[in-house]
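As a plain string of letters, each chain reads:
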Amino acid sequence: MMLEFFFTRGLRALATLLLIVTITFVVLRLSGDPAINILGLDASDEAIREFRRSWGLDQSIWVQYVRYLQAVIEGNLGRSMLDGRSAVDAVIERLPATLSIMVPGFVLQLVVGIPAGILSALRRNTWLDRLVMTSSVVCFTMPGFVFALLLVMVFAVTLHWLPSGGAGTLAHLVLPVLTMGFFGAATLARFTRSAVVDVLGQPHIRAATLRGIPRRRIVLLHVVPNAALPVVTIIGLMLGGLVAGAVITESVFSWPGIGRLLVTSVASRDLAVVQTILLMVGTAMVLANFCVDLAYGFLDPRLRHGQGNSANKG
Amino acid sequence: MQHASVAPLLQIRDLRVRLQSIHGPIEIVRGIDLDVGRGEILGLVGESGCGKSISWLAVLRVLGRQATTTGTVLFEGRNLLDVTEKEMAAYRGRRLAMIVQDATSSLNPIHTIGFQLAETLVHHRRIGWSSARTEAKRLLDRVKIPGAERRLGQYPHELSGGTNQRVAIAMALSGNPDLLIADEPTTALDVTVQAQILELLQEIRRDSGMSIVLISHDLGVVCETSDRIAVMYAGRLAEMAPSSDFWRSARHPYTRGLLDAAPDIDEPIGRLRAIPGQVPAPSETSRGCAFQARCGVALPSCSVETPAMTPVAKHHSVACLRSPSCGREIVQVPREVTACHPF
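Chains as they are written, first to last, in the numbering used here: chain A, 15 to 328; chain B, 20 to 362.
Some hints here could point you the wrong way.
Below, a list of computed lysine to any residue pairs in the SDA-like style, where the Cα atoms sit at most 25 Å apart [to be verified]:
id	chain 1	residue 1	chain 2	residue 2
1	B	Lys156	B	Lys105
2	B	Lys105	A	Val300
3	B	Lys105	A	Met252
4	B	Lys156	A	Ile232
5	B	Lys105	A	Leu253
6	B	Lys163	B	His142
7	B	Lys105	A	Met167
8	B	Lys105	A	Asp143
9	B	Lys163	B	Trp148
10	B	Lys105	B	Thr89
It should be emphasised that the hints constitute simulated quantities derived from the structure, not laboratory data. A quick note: this is a predicted structure, and the numbers were derived from the prediction, not measured.
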């Protein structure tokens, strides 16, 4: 049963990745000409022809697609059209910078969002609940770049406490991490709150109170584990948002990470680099969702026995 | 069993519960006086929504901020409605235990039976986890769950409703409470399991002298098991009488209606008799007796005056304006009123 679970999961993951490759290929190829984007409008016809020939752009789109797919399957993700370097190298080089704001940002989301949601649910309809939920709505609805610019205005321009952009010192990390963290924290707080409120209304919580179990223990051992299931689902989905957040955050703060590389590569239709980034993101998402599915079985014994059947439907 | 002679274990006086709703506060429980004697099984009957469970959840103070409870609940000389939340928590489970409706949903789905039992034991008896586990097994044996050792490692969804009900009873016993409140302990179970659970409750009382309040909408269940029966209607007590001879001595028109509505195994099969009309919604704050609209023997004064519980015999009180002046003959509701209500 477990084998079947891994097998179907694996097939679905492959299908997802193939879809990602295909869609990016189609969109990037149909929306602009890399030769002109990279060489510039005033390049000579000869140079453009030569560029197209050397990158195989003179072939039909089908031939290009099949060749590209073949290369990807062989593990060759191609070279950057911009400087001829291996696309994988170009991306990996930027990885540490992105991870250095993504990981703390994600941790910030969890550390702020989950406790805020739990507290809000436990103090439902009090001033604390309203405060948390109002700030959550504000953070949630405000576009990421507006939030980022607000932070710059307050902490960099007005107070001069922190640099407005660039990288190098720990101080440079603060504003990008805050930007990454707060949007996700707001989402997480709302979902955690509603999950906890839902569990608090379940009969077994009142039964535990009637048994005389102390409140703190009920919250930690009865409420939180039961509320974890929907929250873990959301955390899995939020990983996608994290990548989107990185693109915006890195652009606003001129952070030399993968998000900015993605923006510049799309602008120059540098297919190999864009594909490499998206494949990496896609793999990360597939892995994350796989972990979420495994977590379900760990968190809820009712799903454990039917893991092969029920969990892979979700 | 013992009534007025010894001081009762628990004394409820003028218990009122008000719930906040979008239409303003609604009084669900409207002034209840009730004593529970030591070692007594008190049956509490009434239709769904008449305030049976709410009263006891209010006594144990678990209704949350949306509810306001007034009155007094004397337990060993202390008013439970006045003690601090911390003190109250020490009463719950250890002195007063309550089994809520639907045992399966009253158990945490993600913890094993063994964990939940041991957790309660560790908390109440201040023992270590390993001895709690041994004790948990002993408790499961006591409530007659076969294969107790194996059950400890199972989850509520893996067990039957009857087994879960026994587990819930075992948990309630883990604090050795003086009073056990069992809310509809047999409702979701089939008849043979019902009988076993009721027998178990009686056995527990016999062995430990624990007082038990048995809440049920099933008059038959309550009559068989309890020593005294209290009938509730629309948030008030309608009648209270010893269960021996209850079938004949009950006087309140509502109680009579309930008794008549119970299908009799000796009678030829015919139509079931229902009490006409329906329970007034708690939001209807009408004057007078709440039952008068459905009552076949209502007096004009019934719509003005709210009847109080009045003694009519030893250990027997009725809240009806026709009582005690009227005996059974008037309360014998004319057939055309109660009979033949097609479903």
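Which hints from the list above does the structure break, by number from lowest to highest?
1, 2, 3, 5 and 7
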